[in-house]
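2 protein chains.
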Amino acid sequence: MTTQWSSATLQRSLGDPTVTYPLWPPMTSGCPRTSTAEVSYPVEVDYAYDQVDPFLFATAAGRGGGLDRWAPLLPPLAAPGLGEGGTPLIEIEAGVFVKDESRNPTWSHKDRLNRCTVSAAVTTGAPGVVVASSGNHGASAAAYAARAGLRCVVVAGPELPPAVDSFLHAYGAVVLPVPWEARWPLTRKIVERTGLHPVSNLTTTHTGHAFGPEGYKTIAYEIHQDLGAPAAVFVPTAYGELLFGVWKGFTELRSLGLIDRLPRMYACQPTAAAPLAEAVRRGVPAAHVTVGHTEAYSIVSPVSGYRGVVAVEDSGGQVLELSDAQLEAAHGELARAGLWTELSSAAGLAGLRTVPDLDGPVVCISTSSGFKNRSVGSQSTKTVSPEWDDVRSRLHAAGIRD
Amino acid sequence: MTTQWSSATLQRSLGDPTVTYPLWPPMTSGCPRTSTAEVSYPVEVDYAYDQVDPFLFATAAGRGGGLDRWAPLLPPLAAPGLGEGGTPLIEIEAGVFVKDESRNPTWSHKDRLNRCTVSAAVTTGAPGVVVASSGNHGASAAAYAARAGLRCVVVAGPELPPAVDSFLHAYGAVVLPVPWEARWPLTRKIVERTGLHPVSNLTTTHTGHAFGPEGYKTIAYEIHQDLGAPAAVFVPTAYGELLFGVWKGFTELRSLGLIDRLPRMYACQPTAAAPLAEAVRRGVPAAHVTVGHTEAYSIVSPVSGYRGVVAVEDSGGQVLELSDAQLEAAHGELARAGLWTELSSAAGLAGLRTVPDLDGPVVCISTSSGFKNRSVGSQSTKTVSPEWDDVRSRLHAAGIRD
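Line order of the protein sequences matches chains A and B.
Take the first sequence: its position 149, counted from the start at 1, is 149 in full-length UniProt numbering, and no numbers get skipped.
Take the second sequence: its position 87, counted from the start at 1, is 87 in full-length UniProt numbering, and no numbers get skipped.
Just so you know, these hints were derived from the structure itself, not from any lab.
You can trust all of the hints, since none of them are fake.
Below are the EDC-like pairs computed for lysine to aspartate or glutamate, each with C-alpha atoms no more than 20 Å apart in a straight line:
hint	chain 1	residue 1	chain 2	residue 2
1	B	Lys382	A	Glu181
2	B	Lys382	A	Glu159
3	A	Lys189	B	Asp390
4	B	Lys189	A	Glu387
Work the whole structure out from these sequences, hints included.
What follows is the structure in structure tokens.
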């Protein structure tokens with residue numbers, strides 16, 4: 001396949017925007033010149049915006065084409081796609097829209113990131129990718145690697161949920177569940193020894209892959225096409241990559257003169273694991289916290305990254321901390337609207353419910369499918385009697401009358 | 001919400017096309033005038049094609065808008081949508097395209113049908129819907145009913161897979177697992193006694209809901225937009241509703257002068273449950289068979305319906321019978337292309353692999369996500385040692401060298 005034209009020019013440090021690097025190789029351990037022993041600063045991608053067709057947004061019609069239609073504003077998409085992106089925006093009540101990211105190839109938002117990071121692996125000639133993950137990120141990386149004919153190694157935590165295990169193996173990934181404390185050192189060692197391209201984080205505070213959040217920008221482009229600029233976007237947040245990507249997409253739309261104002265970016269974290277909230281409170285680029293219990297396993301992290309701070313502060317947004325009870329309530333609300341999500345994915349709507357008086361339509365990003373909840377499969381409805389009197393009483397209990 | 005304009009005019013019998021019925025109420029037990037004790041004939045929907053905007057197909061650009069953009073050629077869409085349809089067509093090898101229907105709101109093709117059937121329930125003022133299903137159909141009906149504010153009763157078989165149980169309960173459905181032989185009589189009784197609108201079959205040979213396959217037509221419209229008319233379409237088949245819907249969509253495109261030839265329609269059934277193959281072989285409208293063992297649970301049926309015969313014979317297609325080994329091989333092939341599907345969903349590609357020499361591009365419809373396989377969760381990779389020598393030997397075994 002021919003890689004479509006990209007206007008990407010170089011990599012730029014978030015720690016100091018005057019510090020730049022060539023576009024290749026992709027920075028997978030943040031910015032070495034500005035990072036310290038305590039804080040790692042991420043790197044982002046710059047583009048020659050003045051060389052991009054000014055009608056790109058006018059002609060990239062409807063939902064067709066996935067990420068490829070935005071190729072000029074993304075790093076080179078050298079890995080073949082799976083029709084990622086182009087997810088629907090569903091109005092669940094007047095002015096409240098849900099961006100349903102469970103409609104991606106591996107049923108989560110991570111596919112937008114992995115199209116970009118696996119493309120980097122292809123371009124650099126790596127034999128495959130390695131990812132530290134026990135969930136959506138690993139499965140998505142495995143799918144894109146399979147599609148590109150690359151190997152994928154997933155370094156997982158112990159007690160990998162069995163459904164995720166099936167998911168990862170389906171794509172032919174090498175799955176290595178190891179004790180928690182061994183995950184990051186082992187991932188680093190695999191990168192050093194084998195040349196596999198890392199598509200997850202390698203640093204003390206979160207930086208991840210320089211190209212990853214670029215894929216998430218397309219969520220902003222799609223929201224803009226369907227709705228214009230909303231007043232606010234509510235984003236389930238662990239490291240803040242998704243949050244930053246969506247924010248960056250809207251800043252580009254503003255620079256290109258397509259919108260007047262940025263939506264406020266609301267980072268939605270579980271109270272039990274809210275390092276970004278801690279960083280913003282303390283006015284530091286990133287923070288570490290002790291993680292408590294929450295069922296929202298996809299947005300649990302003991303450490304944040306500087307990207308999240310940038311997105312929240314620049315947009316006039318906020319970090320919201322949510323209890324599992326609040327997440328459960330929003331999860332139920334989404335299901336009653338016909339959207340069965342991961343518990344983590346309901347954090348956006350749960351966050352919205354805590355913020356009064358927003359000036360215009362709002363978007364809650366729902367990241368993934370209900371099939372990925374840990375509780376799936378624990379339900380077991382017993383066979384019931386088909387006698388009419390028995391059925392009738394069950395129907396009556398549910399408010400259905402004969 | 002305002003229902004968009006529909007050109008639907010009346011219902012017409014497949015048993016005798018001169019027999020018609022008004023559009024309302026929807027026929028949910030086939031055509032009473034032509035059906036016999038042995039064979040039930042389905043009913044389909046007619047449209048005033050000459051009143052439809054001739055530029056409908058030219059202006060319904062890209063993937064945007066789900067089913068709503070085709071509203072003029074569908075029964076009235078009175079139930080709110082969930083962004084169903086608009087699924088991507090992915091080229092897994094030169095000329096072989098997979099239509100990935102796992103990208104629908106409940107992650108299967110059934111959402112296209114249920115948008116139409118739940119709309120019928122809304123229009124007729126029913127308090128809710130009832131569906132006999134232990135899988136995708138039930139979950140989809142439950143989601144659309146929830147979205148429309150209607151109740152949903154799912155009459156399931158015994159030993160409902162636990163993941164499906166979670167899925168159905170998430171949307172607030174009343175789940176009634178009963179012994180197999182009680183499913184159809186109980187469904188009928190619930191319809192008679194409660195006025196719930198049936199969205200699955202009620203007759204001896206399969207007829208289902210008159211409006212259901214109309215939703216599947218949109219798959220043909222989308223394939224046409226992305227690719228034109230393929231040489232053939234391979235469809236996982238149980239009752240033949242999906243097969244018929246896709247065929248009907250292409251016949252409409254031909255009538256409207258948008259394509260010259262119909263794709264050959266290949267019905268792909270498990271050898272263990274191939275009633276349509278039996279009906280075509282014997283030259284009868286529908287057949288009953290004894291079902292053997294197959295893991296492809298979503299396309300297991302002991303009985304076929306006349307719709308399947310129409311689609312296969314009119315298009316010059318064929319019914320293909322596939323062993324579980326053939327299904328597994330195609331399932332593996334899809335996963336290696338980055339598409340993790342239900343085993344049943346791989347029947348399309350498995351069928352293609354048995355047919356040599358097709359004159360042009362072909363489409364295999366993949367109906368649903370790998371998360372719905374019965375085997376999901378049975379995998380359990382043990383925690384491994386993070387010592388480099390141990391990891392190294394695992395990587396070597398997978399062909400990854402240091």
